[in-house]
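Enquirer: As you go down the protein sequences, you meet chains A and B in turn.
My numbering numbers the first residue of the first sequence as 16 and each following residue consecutively.
My numbering numbers the first residue of the second sequence as 15 and each following residue consecutively.
Hint data in this document are derived by calculation from the structure and do not stem from the laboratory.
All of these numbers come straight from a predicted model, not from anything done at the bench.
Honestly, I wouldn't trust all of these hints.
Here are a few chain A residues that face chain B, going by a calculated C-beta distance under 10 Å [to be verified]:
1. 67
2. 92
3. 110
4. 118
5. 122
6. 144
7. 166
8. 170
All residues carry an ideal CB built from backbone N, CA and C; glycine is no exception.
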Amino acid sequence: MVDNAITLKEVSIGYEGTSVVSGITLTLPQGASLALVGSNGSGKSTFLKTMAGLLPALKGSVDVLGDKPGLQPLRISYHGQSHPNSFLLPLRSIDVVRMARFPARGLLRRLTKEDEHIVKESLSYMNALEFSEKPVNALSGGQIQRVFLAHTLARKADLLLLDEPTAGLDVNGAELFEKLIYRFKTEGKTLLVATHSIKEASQCDYVLLLDSRVIAFGAPDRVFTPENLLETFGLVARFSANDLLIMG
Amino acid sequence: MLNAMAAGTLVAIACGIVGTFMVLRGLAFLGDALAHGVLPGVASALLWGFPGFVGASISSLAMIAGIGWITKKSRLSADTAIGLLFVGMLALGVVIVSRSQSFSGDLVKVLFGQFLGISLFDLTIQGSVTLVLGLMAFVFRRPFLLLCFSEEQAQVSGYSAKFYHFLLLVMIAMTVIVSFQTVGSLLVFGMLLAPAAASSFLSRKLGTMMILASGFGSFSVYAGLLLSYHFNLSAGGCVVLVAVGIFFMVFMLSQRFRKEHCYG
Chain A
16 MVDNAITLKE
26 VSIGYEGTSV
36 VSGITLTLPQ
46 GASLALVGSN
56 GSGKSTFLKT
66 MAGLLPALKG
76 SVDVLGDKPG
86 LQPLRISYHG
96 QSHPNSFLLP
106 LRSIDVVRMA
116 RFPARGLLRR
126 LTKEDEHIVK
136 ESLSYMNALE
146 FSEKPVNALS
156 GGQIQRVFLA
166 HTLARKADLL
176 LLDEPTAGLD
186 VNGAELFEKL
196 IYRFKTEGKT
206 LLVATHSIKE
216 ASQCDYVLLL
226 DSRVIAFGAP
236 DRVFTPENLL
246 ETFGLVARFS
256 ANDLLIMG
Chain B
15 MLNAMAAGTL
25 VAIACGIVGT
35 FMVLRGLAFL
45 GDALAHGVLP
55 GVASALLWGF
65 PGFVGASISS
75 LAMIAGIGWI
85 TKKSRLSADT
95 AIGLLFVGML
105 ALGVVIVSRS
115 QSFSGDLVKV
125 LFGQFLGISL
135 FDLTIQGSVT
145 LVLGLMAFVF
155 RRPFLLLCFS
165 EEQAQVSGYS
175 AKFYHFLLLV
185 MIAMTVIVSF
195 QTVGSLLVFG
205 MLLAPAAASS
215 FLSRKLGTMM
225 ILASGFGSFS
235 VYAGLLLSYH
245 FNLSAGGCVV
255 LVAVGIFFMV
265 FMLSQRFRKE
275 HCYG
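Excised from the complex, chain A in its bound form (with noise of 0.2 Å):
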């Protein structure tokens, strides 16, 4: 029997008090990939905080990976939208990437060979190992963005939290998006994505359509019908060959 990996029941998600999305329910079982999907200010941001523990749940009941949110570090890798880019230290993206291993090693644990390995697998996969020693804020926004995805696989984490994982990207995003979504596959980690993009979505498992209310959820070719899609971004669109074709 898989375990689920979420599940959550009757939950309202927010900031402050104000409710952003309400009355989720679903279960996502281990090893899935699950897409959200909407409009800006949908509440796809504010899903991805709440899973991570960043954000609390104004109601209902939240289990991820068996336990409450933000209390399994070390199985839970995020990748927020706003990058600190601005940091004063000209850390080198090497370093950012090591930063990803720390909390396996604690507080004062050195970090091992096997980290290091890790550290320079992750950013050869990403094709970010021939700036690695430069420092992140000499990097050009996408550079920066392959550092820090570089840094949410480094972490090694059993659920993996991406929200718009290839904006911004210089290099291929579809090509990069695909070629993420294979290896969480291959690895048996879960993954939730936020992402604008019908196509990346389409290679998920799971989607769910959000505008400030759940639209649907279930398999992409389910979820993505003209009905949906024109409740969620008020177009009249198909969902055909994995991508959108719109009507008018």
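For this one, chain A is given, so just place chain B on it according to the hints.
Expert: Chain B in isolation, oriented as in the chain A frame:
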């Protein structure tokens, strides 16, 4: 003079360590407010005859609690809360001082320090607190670095952003409290800020930044004391002026270097 140099070195080391985190976390205004906010506590201590550092500790704790309370309970930004507490505590200090007629000499010592009046007992306290600060910085370097880098990443990594932020404030307060006797409450902020800011142009690692900041701070102490001795000027003022001068020199050199080498 030896005591003065030893005290100055300890101030430079404590400020180099804590100032590095303060600069990286963007807490300069809070550091300034804490440095000035000790005034009512120290003035009360002088008025009622208990040790200055006890009053300074009470003042600092009141400020930290007050800032936390205002930002939590209102929609005001942290800098508004800090500003309010800053001027409030300063005003309270002035009111307390105005109650006493024979206060002006002591007040000058509080504000500008007494480099040349440091006793062996003061040195022992300063040394112990500097050691504690160094240990804290070493043990908590990972959560502090993550916190300076991204609050969200610190939290997701299992390090409570609130707790480590509070710990950082306590460390800044501890530095201010042990340093104000030497450089004064008005000038301790200069020692916290200038050497750490100068070293941020030259380092890519936390440890290097702290060592450089402590080095710049120590040099400022020796050069400042020398200037003060030869030209009969305020010791605290000279020390901080040298520290700020080093900042501008490093800043200009780093700009030139950046142009020539693109900081690669």
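Enquirer: Against each hint, give a clear statement of whether it holds in the structure.
Expert: Hint-by-hint comparison with the structure:
Restraint check, residue 67/A versus chain B: the minimum CB separation of about 5 Å is within 10 Å; hint holds. Hint status for residue 92/A: holds, given a least beta-carbon distance of 7 Å to chain B, under 10 Å. Here the hint on residue 110/A is kept, as its CB sits about 7 Å from the closest CB of chain B, short of 10 Å. At its closest, the beta carbon of residue 118/A sits 5 Å from a beta carbon of chain B; the interface hint therefore holds under the 10 Å criterion.
Below 10 Å, beta-carbon pairs count as interface contacts, and residue 122/A has one with chain B at about 6 Å; its hint therefore holds. For residue 144/A, the interface hint is violated, the least distance from its beta-carbon to any beta-carbon of chain B being 16 Å, above 10 Å. For residue 166/A, the suggested interface contact is upheld, since its CB lies about 8 Å from the closest CB of chain B, less than 10 Å. Interface restraint check for residue 170/A: the shortest CB-CB distance to chain B comes to about 8 Å, inside 10 Å, so the restraint holds.
In terms of the numbered hints stated before, the structure departs from hint 6 and from no other.
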